[in-house]
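> Residue-level listing of the chains:
2 protein chains.
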Amino acid sequence: MPTIAYQGEPGAFSEHAARSFFGGGARLLPVETFKDVFEYATKHPSGFGIVPLENSVFGSVHQNYDLLLRHKLSIVGEVKLRIQLHLMALPGISLRDVSSVYSHPQALGQCEEFLRTLKKVNVVAYYDTAGSAKMIREEKRRDAAALASGRAAARYGLRILRKNVESNHNNYTRFIVLSRKRSVPTRHGKMSLVFAVKNIPGALFKALAVFALREINLLKIESRPLVGKPWEYFFYLDIEGTPNEERVVQALGHLGELATFVRVLGSYQAGSTVRS
Amino acid sequence: MPTIAYQGEPGAFSEHAARSFFGGGARLLPVETFKDVFEYATKHPSGFGIVPLENSVFGSVHQNYDLLLRHKLSIVGEVKLRIQLHLMALPGISLRDVSSVYSHPQALGQCEEFLRTLKKVNVVAYYDTAGSAKMIREEKRRDAAALASGRAAARYGLRILRKNVESNHNNYTRFIVLSRKRSVPTRHGKMSLVFAVKNIPGALFKALAVFALREINLLKIESRPLVGKPWEYFFYLDIEGTPNEERVVQALGHLGELATFVRVLGSYQAGSTVRS
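If you read the sequences in order, they're chains R and P. Note that my numbering has the first sequence beginning at 18, numbered continuously upward. Note that my numbering has the second sequence beginning at 18, numbered continuously upward.
Bound conformation, chain R alone (with noise of 0.2 Å):
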């Protein structure tokens, strides 16, 4: 049975998206940051980790962008995870007893709405939103409340005050999965790369030609500028199909005449959404 990093306490979305795609048997590893995540999985070549890589609301995860650009690992698998934060505090306890709340900063953040209606309540940062959830159990704090998943609220025991206090609750996240072995999916397969091209005109046009000449569709593309290179662009392209594609291994022969750099981040099953 693989053991799978996450980022995050037990209750965390992370671990949520791990458990989904792995199944109930799987042995997940919490660890403190996400570069604690791609580290283990860099040194345990049989292991995975799991990341966050995008949000709907407040977009791409850049952090983990930029470490799978420093680690050498594959995107292997994808969970989109909706993501619902409730209010929740010991049983027993009611809003009227909360003096301070406390989540991740990001999940403060996408609360801030909720945060605002709630009168002389101190907002407290936490370094996890499942670990609010935790302390707030293990420390018995019946004058505090936790921005957290419903599954947080079920293993530690918390009642929930509220819930659904997302600002926006069009608010999906995208995890993905990454391991030392590249995989090859059977179906609904898709793939990640990144590439540079010079910035002169038409020079994305001719890139994505290589694609559209052969039919293959893009599911997502967004530009960044490169760091100390003003004049340089990274591209991160998702596309529909697989590395055995006679068509996709033309496609990528064709992009690396054109691109002053190339790396397919990953080959991996499109993934299903899921609700946290």
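The reader is advised that the hints may include incorrect statements.
The list makes no distinction among identical chains, and a pair is therefore deemed to hold if it is satisfied within one copy or across any two copies.
[Claimed, not checked] DSSO-like mimics (lysine-lysine), calculated; alpha carbons at most 30 Å apart, straight line:
#	residue 1	residue 2
1	Lys-136	Lys-198
2	Lys-198	Lys-237
3	Lys-198	Lys-89
4	Lys-136	Lys-157
5	Lys-180	Lys-157
Please keep in mind that the hints were generated in silico from the structure rather than gathered at the bench. Nothing here was measured: the structure is a model prediction, and the numbers come from that model.
Got chain R sorted already, so can you dock chain P onto it with the hints?
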């Protein structure tokens, strides 16, 4: 003299961006939310708004893209601001005296690595970076520090205890200036637009062809799934050029033939990079 609405307290990064764009004489109006900025600029034909649109570490501020689509405002300028965050406290206070650190959740997230090195310190989320510096001054808090800009330190008479504690020093935010009146720049012109195409192979390629065939340079591209329409996408595009150029007019007409939706978000002079 026009009035410019920005989100945050005096000393906020948005205020600095507004000041560097409009100069020292402009009247600046701090408001509570990004939505308030859009509403101010919508209701005041001679007024302006300024909001962040993308950050080099955290990606696009999708909330402001959504607000752009819901309001009839144009982008009329841009400023790129280097984001530097400092730990600051009342004069005479040293790091040993600090038991709480206050800042906006986003800033706390950007300084997560530094905050981990502080032992036994409460990390408290506050509505604004500069607002946390203001609170420490007004409440004469000798046990607290704020994470905010150098200008916030100067404005509220705080001393900097640690400089540049953001985890990633390549941290730039691109701000856009909003107005009900469209503008046409006389030099270094760029345009921002959003369009949607059906998700069929080659659709984006054809859309980009309208620019490439006319040698119009692309400066940024980002795809975003349309909420509720899983097989359609928005594309956010920045191009080099102005609406006075014949080839740009023709390219936009051509794009209208191919796309299911096109909107020009604004035309403006490419902004310079400013230190904070």
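> Hints first: check each against the structure and report whether it holds.
Hint-by-hint comparison with the structure:
For the homomeric pair Lys-136 and Lys-198, neither the shortest alpha-carbon distance inside one copy (51 Å) nor that between copies (39 Å) is at most 30 Å. Proximity of Lys-198 to Lys-237 under the C-alpha cut-off of 30 Å is restricted to the intra-copy arrangement: shortest distance 24 Å within a copy versus 33 Å between copies. In the homo-oligomer, the alpha carbons of Lys-198 and Lys-89 lie at most 30 Å apart inside one protomer (10 Å), although the nearest pairing across protomers, at 50 Å, exceeds that limit. Proximity of Lys-136 to Lys-157 under the C-alpha cut-off of 30 Å is found in both arrangements, the shortest distances being 23 Å within a copy and 22 Å between copies.
When the C-alpha separation of Lys-180 and Lys-157 is checked against a cutoff of 30 Å, the pair qualifies only within one copy, where the shortest distance is 22 Å, while the shortest distance between copies is 37 Å.
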